[in-house]
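Here are the chains, one letter per residue:
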Amino acid sequence: RKEVEQDPGPFNVPEGATVAFNCTYSNSASQSFFWYRQDCRKEPKLLMSVYSSGNEDGRFTAQLNRASQYISLLIRDSKLSDSATYLCVVPTNTGFQKLVFGTGTRLLVSP
Amino acid sequence: DAGVIQSPRHEVTEMGQEVTLRCKPISGHDYLFWYRQTMMRGLELLIYFNNNVPIDDSGMPEDRFSAKMPNASFSTLKIQPSEPRDSAVYFCASSSPGQGSDEQYFGPGTRLTVT
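Taken in order, these protein sequences are the chains called A and B. Position 78 of the first sequence, counting from 1, maps to 78 under the numbering used here, and the rest follow consecutively. Position in the second sequence counted from 1, then plus 1000, gives you the numbering used here.
Just so you know, not all the hints are guaranteed correct.
Calculated from the model, a selection of chain A residues having no Cβ within reach of chain B, i.e. all distances over 12 Å [unchecked claim]:
{"#": "1", "residue": "Pro-14"}
{"#": "2", "residue": "Thr-18"}
{"#": "3", "residue": "Val-19"}
{"#": "4", "residue": "Asn-27"}
{"#": "5", "residue": "Ala-29"}
{"#": "6", "residue": "Leu-46"}
{"#": "7", "residue": "Ser-68"}
{"#": "8", "residue": "Tyr-70"}
{"#": "9", "residue": "Ser-72"}
{"#": "10", "residue": "Arg-76"}
{"#": "11", "residue": "Lys-98"}
{"#": "12", "residue": "Val-100"}
{"#": "13", "residue": "Gly-102"}
{"#": "14", "residue": "Ser-110"}
Straight-line distance between alpha carbons at most 30 Å, and here's what the computed DSBU-like set of lysine-lysine pairs gives [stated by the list, open to error]:
{"#": "15", "chain 1": "A", "residue 1": "Lys-79", "chain 2": "B", "residue 2": "Lys-1068"}
{"#": "16", "chain 1": "B", "residue 1": "Lys-1078", "chain 2": "A", "residue 2": "Lys-2"}
{"#": "17", "chain 1": "A", "residue 1": "Lys-45", "chain 2": "B", "residue 2": "Lys-1078"}
{"#": "18", "chain 1": "B", "residue 1": "Lys-1024", "chain 2": "B", "residue 2": "Lys-1078"}
{"#": "19", "chain 1": "B", "residue 1": "Lys-1078", "chain 2": "B", "residue 2": "Lys-1068"}
{"#": "20", "chain 1": "A", "residue 1": "Lys-79", "chain 2": "B", "residue 2": "Lys-1024"}
{"#": "21", "chain 1": "A", "residue 1": "Lys-42", "chain 2": "A", "residue 2": "Lys-2"}
{"#": "22", "chain 1": "A", "residue 1": "Lys-45", "chain 2": "A", "residue 2": "Lys-2"}
{"#": "23", "chain 1": "A", "residue 1": "Lys-98", "chain 2": "B", "residue 2": "Lys-1024"}
{"#": "24", "chain 1": "B", "residue 1": "Lys-1078", "chain 2": "A", "residue 2": "Lys-42"}
{"#": "25", "chain 1": "B", "residue 1": "Lys-1024", "chain 2": "B", "residue 2": "Lys-1068"}
{"#": "26", "chain 1": "A", "residue 1": "Lys-98", "chain 2": "A", "residue 2": "Lys-45"}
{"#": "27", "chain 1": "A", "residue 1": "Lys-98", "chain 2": "A", "residue 2": "Lys-2"}
{"#": "28", "chain 1": "A", "residue 1": "Lys-79", "chain 2": "A", "residue 2": "Lys-45"}
{"#": "29", "chain 1": "A", "residue 1": "Lys-98", "chain 2": "A", "residue 2": "Lys-42"}
{"#": "30", "chain 1": "A", "residue 1": "Lys-79", "chain 2": "B", "residue 2": "Lys-1078"}
{"#": "31", "chain 1": "A", "residue 1": "Lys-98", "chain 2": "B", "residue 2": "Lys-1068"}
{"#": "32", "chain 1": "A", "residue 1": "Lys-98", "chain 2": "B", "residue 2": "Lys-1078"}
{"#": "33", "chain 1": "A", "residue 1": "Lys-79", "chain 2": "A", "residue 2": "Lys-42"}
{"#": "34", "chain 1": "A", "residue 1": "Lys-45", "chain 2": "B", "residue 2": "Lys-1024"}
Worth flagging that the hints you see were computed from the coordinates, not collected in a lab. All C-beta atoms in this analysis are idealised placements derived from N, C-alpha and C, irrespective of residue type, glycine included.
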């Protein structure tokens, strides 16, 4: 099993839709998780951190299921500007600062 | 703050040439990371430093790759000799978990093409 696995997509949704991505991870000892956003030909930027069961920030909600070892990202009321690749990120068990990035899920929001 | 600065932004070189990528982390950050991103393999950690000391270089693909951090404000990633399979986007990132945030701040990247 890969350390971090994501559906590459793309997810094509209309403006205003609700969309959810899942990410599975293999390291059961992981205590924290992150979602990074990467626009085309740009650097990744932190979107959300998840330290407990979940986190909510405006239209974005991240949820953690430790028993099944997956993390989800829910985006409500999608905007055109949400079009990007969303990277699921998990620390390794060899060092909290050593992160493993998923290959990303691409989201395309259309008018 | 200017953020993480990388140079050059684009580099095109011929196979066999030496390539040096440069990074200036955010002032005050004590961790520095070098990543490589390709379509096939995604974003991979090559090496990271803490207080200028290399902590984990297990991601460095082979001896052709080397990285240094001579001081807190500068790091280099060198490839010698370069090969076409080294073509990728190389990102530098920095962080300061001691300041209460685990976020890694990425630079704009260096797009390397080896012909």
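Hints versus structure:
For Pro-14 (chain A), the condition that its CB be more than 12 Å from all CB atoms of chain B holds, with the nearest at approximately 27 Å. Listed as outside the interface, Thr-18 (chain A) is consistent with that label: its C-beta sits roughly 26 Å from the nearest C-beta of chain B, beyond the 12 Å cut-off. Distance check on Val-19 (chain A): its Cβ is at least 21 Å (rounded) from any Cβ of chain B, clearing the 12 Å threshold; non-interface status holds. Every Cβ of chain B is farther than 12 Å from the Cβ of Asn-27 (chain A); the closest lies at roughly 15 Å, confirming the non-interface assignment.
Residue-level check passed: Ala-29 (chain A) sits 16 Å from the nearest beta carbon of chain B, beyond 12 Å. With a minimum CB-CB distance of about 4 Å to chain B, Leu-46 (chain A) fails to clear the 12 Å threshold, and the non-interface call is violated. The claim that Ser-68 (chain A) is not at the interface with chain B holds, since no C-beta of that chain comes within 12 Å of its own (minimum 23 Å). Every C-beta of chain B lies more than 12 Å from that of Tyr-70 (chain A), the closest at about 18 Å, which supports listing it as non-interface.
Here Ser-72 (chain A) stays apart from chain B, with its beta-carbon at least about 20 Å from theirs, past the 12 Å limit. Residue-level check passed: Arg-76 (chain A) sits 23 Å from the nearest beta carbon of chain B, beyond 12 Å. In this structure Lys-98 (chain A) is not separated from chain B by more than 12 Å, as the shortest Cβ-Cβ distance comes to only about 6 Å. For Val-100 (chain A), the requirement that its beta carbon stay farther than 12 Å from each beta carbon of chain B is not met, with the minimum near 8 Å.
Its beta-carbon lying about 7 Å from the closest one in chain B, Gly-102 (chain A) breaks the requirement of being farther than 12 Å from that chain. Look at Ser-110 (chain A): its CB is around 23 Å from the nearest CB on chain B, clear of 12 Å, so calling it non-interface holds up. Distance restraint check for Lys-79 (chain A) and Lys-1068 (chain B): the Cα-Cα separation of roughly 42 Å exceeds the 30 Å cut-off, and the hinted pair is therefore not satisfied. Taken as a hint, the Lys-1078 (chain B) and Lys-2 (chain A) pair is honoured in the structure, with Cα atoms around 29 Å apart against an allowance of 30 Å.
Our distance criterion of 30 Å between C-alpha atoms is met by Lys-45 (chain A) and Lys-1078 (chain B), whose separation comes to about 25 Å. Note on Lys-1024 (chain B) and Lys-1078 (chain B): the hinted pairing holds, with a Cα-Cα distance of about 15 Å set against a maximum of 30 Å. Distance hint between Lys-1078 (chain B) and Lys-1068 (chain B) is fulfilled; the C-alpha atoms sit about 9 Å from each other, no more than 30 Å. Restraint check: the Cα-Cα separation between Lys-79 (chain A) and Lys-1024 (chain B) comes to about 34 Å, which exceeds 30 Å; the hinted pair is violated.
A threshold of 30 Å between alpha carbons decides the hint, and for Lys-42 (chain A) with Lys-2 (chain A) the separation of about 25 Å falls inside it, so the pair holds. As the CA atoms of Lys-45 (chain A) and Lys-2 (chain A) are separated by approximately 23 Å, the hinted pair is consistent with the 30 Å bound. For the hint linking Lys-98 (chain A) to Lys-1024 (chain B), the alpha-carbon distance of about 20 Å falls within 30 Å, and the restraint holds. For the hint pairing Lys-1078 (chain B) with Lys-42 (chain A), the CA-to-CA distance comes to about 22 Å; that is within 30 Å, so the pair holds.
With a C-alpha separation of about 12 Å, the suggested pairing of Lys-1024 (chain B) with Lys-1068 (chain B) holds against the 30 Å cut-off. Distance restraint check for Lys-98 (chain A) and Lys-45 (chain A): the Cα-Cα separation of roughly 16 Å lies within the 30 Å cut-off, and the hinted pair is therefore satisfied. Proposed proximity of Lys-98 (chain A) and Lys-2 (chain A) is supported: the alpha carbons are some 16 Å apart, at most 30 Å. Distance hint between Lys-79 (chain A) and Lys-45 (chain A) is fulfilled; the C-alpha atoms sit about 18 Å from each other, no more than 30 Å.
Taken as a hint, the Lys-98 (chain A) and Lys-42 (chain A) pair is honoured in the structure, with Cα atoms around 21 Å apart against an allowance of 30 Å. With a CA separation close to 41 Å, the supplied pair Lys-79 (chain A) and Lys-1078 (chain B) exceeds the 30 Å bound. Between Lys-98 (chain A) and Lys-1068 (chain B) the alpha-carbon distance is near 18 Å, which keeps this suggested pair within the 30 Å criterion. The suggested pairing of Lys-98 (chain A) with Lys-1078 (chain B) holds, with an alpha-carbon distance near 21 Å, which does not exceed 30 Å.
As the CA atoms of Lys-79 (chain A) and Lys-42 (chain A) are separated by approximately 19 Å, the hinted pair is consistent with the 30 Å bound. Of the supplied pair hints, the one linking Lys-45 (chain A) and Lys-1024 (chain B) holds, its CA atoms being roughly 17 Å apart against a limit of 30 Å.
Checked against the numbered hints above, the structure violates hints 6, 11, 12, 13, 15, 20 and 30; every other hint is satisfied.
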